[in-house]
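Please model the entire structure based on the sequences and the hints provided.
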Amino acid sequence: MLLNEMLLLGAVLFCIGVYGVLARRNGVLVLMSIELILNAVNINLIAFGAFHHTVIGQIFALFVITVAAAEVGIGLAIVLLLYRNRRSIDLEQVDLMKG
Amino acid sequence: MIAEHVAFGIIAAVMVASALRVVTARDIVHAALYLVIVLAGVAALFLLVGAEFTGITQVLIYIGAVIVLFLFGIMLTRSDFDQDGETDHKRKLPAILTALLLLAVMIGALVDRFGDDRLDPTPQTTAQVSDELFSQYIVPFEAVSVLLLAALIGAIVIARREQGG
Amino acid sequence: MLNAIIAAEAAGGAVAASGWFLENAWLVWLFPAVSFLAILLFGKRLPRGGSEIGIAAVGASLVFGLLTAIQWISEVEGAGGDSAEGEYALGKGALAAAADGEASGGVSALTRSITWLTNGAEAIGAGIMIDGLAVMMIFVVTLVSLLVHVYSTDYVAGDRRYTHFFAFLSLFTASMLFFVTASTTLQMLVGWELVGVCSFALIGHWWEEKPNSDAALKAFLTNRVGDMGLIIGVSILFFGAGTFDVIGVNEAALNGSMSHTVTLAGALCLTAAVISKSGQFFLHTWLPDAMAGPTPVSALIHAATMVVAGVFMVARLYGVFFEGYTIGGASINLLALIGGITTLVGATLAFVQNDIKRVLAYSTVSQLGYMVLALGVGAWTAALFHLFTHAFFKACLFLGSGSVSHAVHSFDMKKDMGGLRQAMPHTYRTFMIAAVALAGLPILSGFWSKDEILAGTGGWGLFGGTDANGAYTAMLAMGMITAALTGAYMTRVVYLTFFGEYRGHGTPHESGPRITVPLWILAGLATVAGFINFPAGFQLVPKSWEEKFFHWVEPIGVSYFPAIKHATPSWSLAIVSVVVALAGIGAAYRYYFVRVKAVSPTATELPDGLTARSSLARLGHRILVNKYYLDWLYTTVIVGFVKGPLARAAYWTNQHVIDRVVNEAGTRSVQAGNIVYHKVDQLVVDGIVNSTGKISDSSGEELRRMQTGKVQQYAAIMFIAATILAGIFIIVI
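Heads up: the protein sequence lines correspond to chains A, B and C, in order.
Under our numbering, read the first sequence as residues 46 to 144, first letter to last.
Under our numbering, read the second sequence as residues 3 to 167, first letter to last.
Under our numbering, read the third sequence as residues 879 to 1611, first letter to last.
Don't take each hint at face value.
What the hints assert, rightly or not - Here are the simulated DSS-like pairs of lysine-lysine, each with C-alpha atoms no more than 27 Å apart in a straight line:
| no. | chain 1 | residue 1 | chain 2 | residue 2 |
| --- | --- | --- | --- | --- |
| 1 | B | K92 | C | K1588 |
| 2 | C | K1293 | C | K1088 |
| 3 | C | K1443 | C | K1475 |
| 4 | C | K1475 | C | K1292 |
| 5 | C | K1426 | C | K1443 |
| 6 | C | K1572 | C | K1293 |
| 7 | B | K92 | C | K1572 |
| 8 | C | K1088 | C | K1421 |
| 9 | B | K94 | C | K1088 |
| 10 | B | K94 | C | K1421 |
| 11 | C | K1588 | C | K1572 |
Quick caveat, the hints were computed from the structure, so don't treat them as lab data.
Have a look at this one:
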């Protein structure tokens, strides 16, 4: 098995995630796309860990998973608040910071 | 060796296809279900390269907890999307261009640098992971636990209904 | 014995100290730390509101600190502290020196540490570093803290947050002791931040009143500026020396394994920390405002201990500063210059204050300037000795002012004081003793320490004696002027407070014994503290009594301390400095005690004084009243500029320039697309043109939307920028 097989798969997932973050209007879907990105990163960490025969890759992947859980919690809370205040989670309509 | 390749190929293909569906599906619930497939695929990959503990954690946390959280989020925010059925921006071109540009750069760099480095994974036991985590990385571990606590409190504070509101 | 010899070899010729109290000196901060928790948990339920716990804990620390000091002194004496004279006492020192074949004879600090935390492969230790400096600081902190505790039981009696007050006093004492016994720079950082938090909480003790909470915020925010310097400095030194150990960092700076540039950069960042914490020019403005806190707090934190944290830090990492600023053999450097300016600025500002505590606060600024100046010119011992004596007489002055305000319920000297001499005899006498000590008249403590600093500057060969580290003539001049100013403003304070006739309301009474006893103890120390460091060569006392402080505190012949020279003070310098101080006192005496008093016993200044007659003097007075316009500069000019014009300019640029550029770009692109479409369409391939126009159109559209406040567009820009940067990196590398 080539290292690059894993890395390229990670890259593809990452780019799909980026597309989702940029193209989706629904806040929850954007959060899901962010999960894709984080998983792509984890694939890289695990791949390199296996490549160098060290468990540090796993350790960092575990940290990423933990932080991702925290991120989903906060993100969904924000989306929920948005929904409660505006009856919509359409990111097109969220432009309070308009310059 | 061949079996490994075949397994990887199948998993990878399923993952990419599902990931594409996650970012294109019209129904949010479908997107969430496709996400389950991607996450399960990631877990399978982890097991394939010998990272058993992370693989199991992936299943427990992502599929067990995060997806459920997403489904809750979807239920609580059902809105007029269902009526006009539009979950994407009208103009997808910049997003596609950005993603493709990123992909091109990454593929270029990866192929250039790791052209034919071989990966021959050895199983990494949970004991090894815990030894490392609770000796060398105990401080980041504690920091992350504080972060989780802070996120928990933060999420409650943000999502809590104001009095009378 | 064997241990000592082994350690001596490790420390390069110096004997390592040992002893039970030295080894367990961490207990000294553990007592007040436990007391903090105990007061928080049980304080309210106790008959005396928790103050008894605090007093017991700090008292225990003081006793422990004294025993530590005694053990340390016996170690030093035993090791033959008089090595400079070549006298070797029998015992460990002689043995160790013989075993090592080196004639150093110094005693190196005792360090004990545990692994605090491990991150990756980097193990970070924590522990104690006990030497003369730490022992001296423990003594000062615990003693002043104990007296302040006792004083506070009367002063803040019946306060609504009595228990909290004592809890924070305990926490402060613990943090400060933790700071002075720290063996790593990281620990020092922790202690530094902790004392900052306590200072914030105690300044804002009566936070219900807006000025108090404002002052607390100001102190905290001003200190953040320097704290950043400390964090960056500690990081720089870590990467330069590869360790957080104080000894390791100093050694790396001294033996050249850390490059001079790195050392200088570290020293500069740490100087920023000193400027904010020790109230040096130009960040001193928080210190006078910090007087909004209760007076015992001002005495403990903003006079005797916390504000000298910066001085202590420089003294601890002296190798870094000595090498970084190349102090030896020079005539000016940043540290000395900052100290010199501060000492002048503080002394001049002290003249125009009507609030007695503010006068003392500016006086503290000025005296801290003296200490920093001394460190800047290489007079290490003089700086620490001044820290030592200053702690006593300034704490005494602050507590005295608190006693006065306790009686007249005000801090305003001009409106509510005067003639308190008879009403408050104890306060008056102790205040006078401390004021004379501050003014630097013999034989009180301030004289000895100030004189040593002036000698250490080595300016003007005539006065400077011999063996100074450089020729800092400008610093000597600044110090001399300040000496005159100090005498003058203290005379003004004494007249306005204790002489003339009472101008306030009611009948003031002397405070109770819990206030006067600490005052007398401090006044006594302010009198005699100077005697522990008789300068060599004056032949006032037997040789064995001379320079005790120097032998006990300064590390000699150890690898982590620079080989600094020690100036020998001269009689001529001592006489000149006394004459200068007397001149300042005399001028102020003539003005207040003779001329103002002649106008009326309740007058506070001459009706046709200098400011009334001379426009130049008026201008000077106005500048001083406005504190050199520094606060105005910070709030109105800098903050105002950022808030007002700069923000407006940014907004205008945003609205007019960026928007217009974006719009123009959009429309031009569309136009270009259209032109291309119409002209070329007829001739060349339809589809290419079409898509060019479309892309121009959509990119124009996207550009125009850059300022729409939509998250995803910002995300898109971020991703694209990151991609481009990554691409550049890949191509370049």
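Item to complete: Compare the distance between the alpha carbons of B/K94 and C/K1421 with 27 Å, and conclude whether the hinted pair is satisfied.
Response: Answer violated: B/K94 to C/K1421 is near 90 Å, above 27 Å.
Worksheet item: B/K94 and C/K1088: Cα distance at most 27 Å?
Response: violated (54 Å)
Worksheet item: Does C/K1572 pair with C/K1293 here, judged by a C-alpha cut-off of 27 Å?
Response: violated (80 Å)
Discussion item. Check the hint pairing B/K92 with C/K1588 against an upper bound of 27 Å on the C-alpha distance.
Written reply: Given pair B/K92, C/K1588 holds - Cα atoms ~15 Å apart, limit 27 Å.
Fill in: Restraint status (C-alpha distance of C/K1443 to C/K1475 at most 27 Å)
Given pair C/K1443, C/K1475 is violated - Cα atoms ~49 Å apart, limit 27 Å.
Worksheet item: If you draw a straight line from the CA of C/K1293 to the CA of C/K1088, is it 27 Å or shorter?
Response: holds (23 Å)
Worksheet item: Holds or violated: C/K1426 with C/K1443, Cα cutoff 27 Å?
Response: holds (17 Å)
Worksheet item: Going straight from one Cα to the other, do C/K1588 and C/K1572 come out at no more than 27 Å?
Response: holds (22 Å)
Worksheet item: Does B/K92 pair with C/K1572 here, judged by a C-alpha cut-off of 27 Å?
Response: The hint holds at about 15 Å.
Discussion item. Just to be careful, I want the Cα atoms of C/K1088 and C/K1421 compared with a cutoff of 27 Å; is the pair within it?
Written reply: violated (57 Å)
Worksheet item: Given the proposed pairing of C/K1475 with C/K1292, does the C-alpha separation stay at or below 27 Å?
Response: Roughly 14 Å between the alpha carbons, so the hint for C/K1475 and C/K1292 holds.
The structure shown violates the earlier hints numbered 3, 6, 8, 9, 10.
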